[in-house]
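Listed in order, the protein sequences are those of chains X and W. Read in this note's numbering, the first sequence has 18 at position 18, and its numbers run on one by one without any break. Read in this note's numbering, the second sequence has 40 at position 40, and its numbers run on one by one without any break.
Careful: at least some of the hints might be erroneous.
[Stated by the list, open to error] Dumping the calculated SDA-like pairs for lysine to any residue here, alpha-carbon to alpha-carbon at most 20 Å:
| no. | chain 1 | residue 1 | chain 2 | residue 2 |
| --- | --- | --- | --- | --- |
| 1 | W | 113 | X | 88 |
| 2 | X | 33 | W | 103 |
| 3 | X | 41 | X | 95 |
| 4 | W | 112 | X | 86 |
| 5 | X | 48 | X | 29 |
| 6 | X | 50 | W | 28 |
| 7 | X | 48 | W | 31 |
| 8 | X | 48 | W | 32 |
| 9 | X | 50 | W | 31 |
| 10 | W | 113 | X | 84 |
| 11 | X | 50 | W | 18 |
| 12 | X | 74 | W | 97 |
| 13 | X | 7 | X | 41 |
| 14 | W | 10 | X | 26 |
| 15 | X | 50 | W | 29 |
| 16 | X | 50 | W | 114 |
| 17 | W | 89 | X | 88 |
| 18 | X | 33 | X | 3 |
| 19 | W | 7 | X | 23 |
| 20 | X | 41 | W | 99 |
| 21 | W | 113 | X | 81 |
| 22 | X | 31 | X | 8 |
| 23 | X | 50 | W | 22 |
| 24 | W | 112 | X | 84 |
| 25 | W | 113 | X | 92 |
| 26 | W | 112 | X | 88 |
| 27 | X | 7 | X | 45 |
Think of the hints as simulated: they come from the structure by calculation, not from any bench.
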Amino acid sequence: MTITLNKNDKELIVALEGRLDTLTSPELDAKLKPALDGVEKLIFDLDKLKYISSAGLRVLLTAMQIMDRQGEMKVRNVSTEVMDVFEITGFADDLDIE
Amino acid sequence: MKEIELKALKENLPQVLSFVDGQLEELGCAFRIITQIDIAVEEIFINIASYAYDPETGPAAIRVEIREDPLSVVISFTDSGKPYDPLAKPDPDIDLPLHQRPRGGLGIFMVKKTMDDVTYEYKDGQNILTIKKTLDG
Numbered sequence: 001m002t003i004t005l006n007k008n009d010k011e012l013i014v015a016l017e018g019r020l021d022t023l024t025s026p027e028l029d030a031k032l033k034p035a036l037d038g039v040e041k042l043i044f045d046l047d048k049l050k051y052i053s054s055a056g057l058r059v060l061l062t063a064m065q066i067m068d069r070q071g072e073m074k075v076r077n078v079s080t081e082v083m084d085v086f087e088i089t090g091f092a093d094d095l096d097i098e
Numbered sequence: 001m002k003e004i005e006l007k008a009l010k011e012n013l014p015q016v017l018s019f020v021d022g023q024l025e026e027l028g029c030a031f032r033i034i035t036q037i038d039i040a041v042e043e044i045f046i047n048i049a050s051y052a053y054d055p056e057t058g059p060a061a062i063r064v065e066i067r068e069d070p071l072s073v074v075i076s077f078t079d080s081g082k083p084y085d086p087l088a089k090p091d092p093d094i095d096l097p098l099h100q101r102p103r104g105g106l107g108i109f110m111v112k113k114t115m116d117d118v119t120y121e122y123k124d125g126q127n128i129l130t131i132k133k134t135l136d137g
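Sequences and hints are given; from them, build the entire structure.
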């Protein structure tokens, strides 16, 4: 799992590559939380994310709850496999997917 | 039929997945189906690793059986931990807005949604959870 954070003033782009699962989600959670200070626009770029399990969904949900209070959150470049998961779990209805 | 037995520890997840995926790849299984099966295997194995023997650890056995007509895979997970039927839990209400939802229950819900059949039994002191997925199409 590769996590790339790109912060530009109040915008943070988080690019994920690989698998966001039970073993890798804690790493994303740990990197993301401190990086969200002062962020008003959070963008997840999932172009290279091939897999997400419920552990990964919980990190997205936490990020969404934080961004509800301080700005907006978008998700872009979602693969078919990850979109399957978003649709089954109802995340597709609530996430702002570009 | 093939089987592995290992300690029900989260860090053994990659070993479980490569055991299962190796057999699916031999069958030329589509990536999308492999992904769905991986998610189901992860959710079930992690459940066992997290709760079955808590706060101790213990073994889990994963058995993969390929059936024909139609081509399908049957995967069973056996542990001798506390009796626990994960299917008894009510499904999360996925129509609720995300921030109003309780945080748990999504994993097993995904298993139920993506697999063709999911069964639980407690027998001879063992939890046995079995999933079935048709592979053709």
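Practice task
Output the numbers, in ascending order, of every earlier hint that fails for this structure.
Solution key: Going through the list in order, the structure violates no hint and respects every one.
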